[in-house]
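Colleague: Those protein sequences? They're chains A and B, same order as listed.
FYI, the numbering for the first sequence is 282 to 605, going by the working numbering.
FYI, the numbering for the second sequence is 25 to 365, going by the working numbering.
Take the hints with a grain of salt, since some may be wrong.
Simulated restraints on C-beta separations [stated by the list, open to error]:
| # | chain 1 | residue 1 | chain 2 | residue 2 | range |
| --- | --- | --- | --- | --- | --- |
| 1 | A | 437 | B | 112 | 51 to 59 Å |
| 2 | A | 366 | B | 223 | 46 to 54 Å |
| 3 | A | 504 | B | 275 | 49 to 57 Å |
| 4 | B | 223 | A | 437 | 49 to 57 Å |
| 5 | A | 437 | B | 160 | 36 to 44 Å |
| 6 | B | 33 | A | 361 | 54 to 62 Å |
| 7 | A | 486 | B | 296 | 50 to 58 Å |
| 8 | B | 217 | A | 467 | 57 to 65 Å |
| 9 | B | 35 | A | 327 | 44 to 52 Å |
| 10 | B | 292 | A | 366 | 35 to 43 Å |
| 11 | B | 292 | A | 471 | 39 to 47 Å |
| 12 | B | 217 | A | 488 | 55 to 63 Å |
| 13 | A | 385 | B | 45 | 42 to 50 Å |
Output of the computed footprint for chain B on chain A, the stretches with three or more beta carbons under 8 Å from beta carbons of chain B [unchecked claim]:
| # | stretch |
| --- | --- |
| 14 | 377-388 |
| 15 | 400-412 |
| 16 | 442-453 |
Among the chain A residues that face chain B by a calculated CB cut under 8 Å, a handful are [unchecked claim]:
| # | residue |
| --- | --- |
| 17 | 341 |
| 18 | 369 |
| 19 | 483 |
| 20 | 536 |
The set of hints was computed from the structure by calculation and includes no laboratory data.
Glycine included, C-beta positions come from ideal geometry on N, C-alpha and C.
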Amino acid sequence: MTAAAPLLRVRDLTLEFVTRGGTVRALDAVGLAVAEGETVGVVGESGSGKSVMALAVMGLLDRAGRITAGGVEYRGRRIEALPERELRRLRGPEIAMVFQNPRTALNPIRPVGRQLVDVIRAHRALGRRAAEAEAVAMLRAVRITDPEARMGAYPFELSGGMCQRVMIALALACAPRLVIADEPTTGLDVTTQAVIMDLVAGLAAERAMAALFITHDLALAAEHCHRIVVMHAGQVVETATPGRLFAAPAHPYTRQLARSTPGEATTVATLETVPGNLPDLTDPCLPACRYAARCPLVAPRCLTERPPRTEPWPGHAVFCWNPA
Amino acid sequence: MGRVSLRFVLGRVLAALPVLAGVVVLTFVLMRLLPADPAAFYATGPAMGPAEVEALRRQLGLDRTVAEQLLIYLRDLGTGNLGRSMVTGQPVTEDLALRLPASVELTIAGFLLALLVALPLGILAATRPDSAIDHLTRVIATTGVSMPTFVTGLVLIFVFYFLLGWAPDPTSRYDLFLPQSPRLTGFLTLDTLVDGNWEQFGAVAARLVLPAATMALFAIAPLARMTRASMLAALQGDFVRTARALGLSPAKVLLTYALRNALIPVVTMMGMVLSYMLGANVLVEKVFAWPGIGSYALDALVASDYAPVQGFVLVVAAIFVVLNLVVDLVYAAVDPRVGLG
Ligand SMILES: Nc1ncnc2c1ncn2[C@@H]1O[C@H](COP(=O)(O)OP(=O)(O)O)[C@@H](O)[C@H]1O
Ligand SMILES: [Mg+2]
Numbered sequence: 282m283t284a285a286a287p288l289l290r291v292r293d294l295t296l297e298f299v300t301r302g303g304t305v306r307a308l309d310a311v312g313l314a315v316a317e318g319e320t321v322g323v324v325g326e327s328g329s330g331k332s333v334m335a336l337a338v339m340g341l342l343d344r345a346g347r348i349t350a351g352g353v354e355y356r357g358r359r360i361e362a363l364p365e366r367e368l369r370r371l372r373g374p375e376i377a378m379v380f381q382n383p384r385t386a387l388n389p390i391r392p393v394g395r396q397l398v399d400v401i402r403a404h405r406a407l408g409r410r411a412a413e414a415e416a417v418a419m420l421r422a423v424r425i426t427d428p429e430a431r432m433g434a435y436p437f438e439l440s441g442g443m444c445q446r447v448m449i450a451l452a453l454a455c456a457p458r459l460v461i462a463d464e465p466t467t468g469l470d471v472t473t474q475a476v477i478m479d480l481v482a483g484l485a486a487e488r489a490m491a492a493l494f495i496t497h498d499l500a501l502a503a504e505h506c507h508r509i510v511v512m513h514a515g516q517v518v519e520t521a522t523p524g525r526l527f528a529a530p531a532h533p534y535t536r537q538l539a540r541s542t543p544g545e546a547t548t549v550a551t552l553e554t555v556p557g558n559l560p561d562l563t564d565p566c567l568p569a570c571r572y573a574a575r576c577p578l579v580a581p582r583c584l585t586e587r588p589p590r591t592e593p594w595p596g597h598a599v600f601c602w603n604p605a
Numbered sequence: 025m026g027r028v029s030l031r032f033v034l035g036r037v038l039a040a041l042p043v044l045a046g047v048v049v050l051t052f053v054l055m056r057l058l059p060a061d062p063a064a065f066y067a068t069g070p071a072m073g074p075a076e077v078e079a080l081r082r083q084l085g086l087d088r089t090v091a092e093q094l095l096i097y098l099r100d101l102g103t104g105n106l107g108r109s110m111v112t113g114q115p116v117t118e119d120l121a122l123r124l125p126a127s128v129e130l131t132i133a134g135f136l137l138a139l140l141v142a143l144p145l146g147i148l149a150a151t152r153p154d155s156a157i158d159h160l161t162r163v164i165a166t167t168g169v170s171m172p173t174f175v176t177g178l179v180l181i182f183v184f185y186f187l188l189g190w191a192p193d194p195t196s197r198y199d200l201f202l203p204q205s206p207r208l209t210g211f212l213t214l215d216t217l218v219d220g221n222w223e224q225f226g227a228v229a230a231r232l233v234l235p236a237a238t239m240a241l242f243a244i245a246p247l248a249r250m251t252r253a254s255m256l257a258a259l260q261g262d263f264v265r266t267a268r269a270l271g272l273s274p275a276k277v278l279l280t281y282a283l284r285n286a287l288i289p290v291v292t293m294m295g296m297v298l299s300y301m302l303g304a305n306v307l308v309e310k311v312f313a314w315p316g317i318g319s320y321a322l323d324a325l326v327a328s329d330y331a332p333v334q335g336f337v338l339v340v341a342a343i344f345v346v347l348n349l350v351v352d353l354v355y356a357a358v359d360p361r362v363g364l365g
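Assemble the whole structure, with the sequences as input and the hints as a guide.
Modeller: This is the structure in structure tokens:
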């Protein structure tokens, strides 16, 4: 993973939102890398900045968002320096995103087939007929039965799981090298969750796509990813393979997470067992390690000095003054 | 597309009948409560004494009780007879049919003009919140609603006819010195176009501009505001973010994804604005000497001429009903989630 230049590299990304209620320091020196064909999981409680990071990678931050340090590199190009035209060419054929809540993520008044055709024709010089055939093929690829008939369906006529399949078809329609899936199964029932995850993972493997899989469910990430990045309150606290993360979690936060994740699939409840709450990100005097207030091993310098990066094992990194 | 059944349309029309009946009765009674005596009003000849006035009153049926008069009116109404205007001496149905196209043409022109300005303004304001164009939209909207239409009309006439001399004189719908086209629809723009009468068409269009602008000015405000608000909401919608995340062109994102969704609530507003414009017609027609049903009804009202006023109110109420139905149908056509069955 470290040998060749990675497909995506997020380097020291520091980002804030200027809002009426104060400046939200959403990301603090976030770093991660995704190699070609690799599946990386990003795990953290709700509010830890996972979606913001994904949107920054897509160049889709809203006006209030400002990158104050670091940046995103995709195949050696700095995303935040690219003009909108260039970004548009990346979105779809290079990087694509599957959003949480498929019902609202699809255009409610456009047949799903038309939405697929829109994406296909935005990036490829295909006629209407050819694009439609391609769209049907995509619906079939995401295992939608009777795809021809489904082309004319509106999102409100489909179930949540079916909408998410359409969303996946949209994201994969232009054969991206990297697909970002932001909590693709949240809000779906448990059986559908598993089916959708297997579908995304299967398609990613089959098409040799890299994937950045965002979830608050450590067990789910462990099951499907080569490597996991643990985030807390806008900071990366640890990154390792799922095996290492469960066998030898080094950060106190990860230890809490792993302890409360008993092997098989557990859901939202898992992360809520970590005591305490995320700090208020608008607080101008956040501690250097944002886990400090919840940490059983907190030391004075956790508040003032940025925790150093240490490698307890090759490919296993932790940011902590008192790693295990 | 939502499915629209004939049953739905018929049901809506039937449901509107009691409303129309109520409107008829209410107008009828209100007119008779006015402190005026049409018989005395029209019995103005020097030879007219109390006996003659009484005779005229009997002839007009005004000696009967209001209830009796109402029954007679309703019976006539059933045969499509709206009575006779005492001012023009013509059946009210004929008078209205003659004048209705002028009013409808003016209202539609004003409405289209308003849309032409309000939609782009609202969209621009939404894509650039707090920019100069956003503030301009707010100023136009506030000015538009805070000025009574007849004042706007008079100001426009003063500036563009009297001061600048750009507009033709506001006394007629067409140029009296050019050949007229035969009446097909009563919409002079259409009739002159069909006839290939370009010069007269130009004259007709030029005469339509100021009154239409007057009507448009107050319609722009609600339409632009609604477009802005609903466009802002759509642009922040998840599906717009999806469209951008998939690399669709900015035009596609803005028009096909955001705007179409944003227009759904605007359609409802359009119906309300159009209905309101029909009412506002009355004063604008008067100011521009526009020979429509509004000025006809106003003249009749001043002359205590009952039948035309009642006919006018009935026609406007019927148009209201039809408009509301059309809005619902358009709504179902643009929003697949709405089914009409
Ligand atoms: N557009 C925005 N404006 C202001 N604050 C935002 C915006 N988007 C996200 N945030 C803030 O950034 C933080 C991280 O949010 P998010 O990335 O959505 O978390 P996650 O996806 O991990 O649940 C939260 O505190 C959230 O309130
Ligand atoms: Mg999120």
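Colleague: Look at each hint and say if it fits the structure.
Modeller: Structure-based check of all given hints:
About 55 Å separates the C-beta atoms of residue 437 of chain A and residue 112 of chain B, a value consistent with the hinted range of 51 to 59 Å. For the hinted restraint 46 to 54 Å between residue 366 of chain A and residue 223 of chain B, the CB-CB distance of approximately 49 Å keeps it satisfied. A C-beta distance of roughly 42 Å is found between residue 504 of chain A and residue 275 of chain B, which places it outside the suggested range of 49 to 57 Å. Between residue 223 of chain B and residue 437 of chain A the C-beta distance comes to about 54 Å, which sits within the given range of 49 to 57 Å.
A beta carbon spacing of about 37 Å between residue 437 of chain A and residue 160 of chain B agrees with the range 36 to 44 Å that was offered as a hint. In this structure the hint that residue 33 of chain B and residue 361 of chain A lie 54 to 62 Å apart at CB holds, the actual value being about 55 Å. Taking the beta carbon of each, residue 486 of chain A and residue 296 of chain B are about 55 Å apart, inside 50 to 58 Å as hinted. Separation of residue 217 of chain B from residue 467 of chain A is about 59 Å and conforms to the stated range, judged on CB atoms against 57 to 65 Å.
Between residue 35 of chain B and residue 327 of chain A the beta carbons are some 48 Å apart, a value that agrees with the proposed interval 44 to 52 Å. At roughly 37 Å, the beta carbons of residue 292 of chain B and residue 366 of chain A sit within the given window of 35 to 43 Å. Judged by the Cβ atoms, the range 39 to 47 Å given for residue 292 of chain B and residue 471 of chain A holds: they are separated by roughly 40 Å. Separated by about 59 Å at the C-beta atoms, residue 217 of chain B and residue 488 of chain A satisfy the suggested range of 55 to 63 Å.
For the pair residue 385 of chain A and residue 45 of chain B, the beta carbons lie near 45 Å from each other, so the given range of 42 to 50 Å is met. Judged by the Cβ-Cβ criterion of 8 Å, the stretch 377-388 of chain A is covered by chain B as claimed, because 8 of its residues qualify and three suffice. Residues of the stretch 400-412 of chain A with a Cβ under 8 Å from some Cβ of chain B number 3, which satisfies the need for three, so the listed coverage holds. Note: the stretch 442-453 of chain A has 3 residues with beta-carbon separation from chain B under 8 Å; the three-residue rule is met and the coverage holds.
The criterion of a C-beta within 8 Å of any C-beta in chain B is met by residue 341 of chain A, whose closest approach is roughly 6 Å, and the hint holds. A hinted interface residue such as residue 369 of chain A counts as satisfied when its beta carbon comes closer than 8 Å to some beta carbon of chain B; here the least separation is about 5 Å, so the hint holds. With a cut of 8 Å, the hint placing residue 483 of chain A at the interface with chain B is violated, because the nearest CB-to-CB distance is about 21 Å. For residue 536 of chain A, the interface hint is violated, since its Cβ never comes within 8 Å of a Cβ in chain B; the closest pair sits about 35 Å apart.
The structure does not agree with the numbered hints 3, 19, 20 stated previously, though it agrees with the rest.
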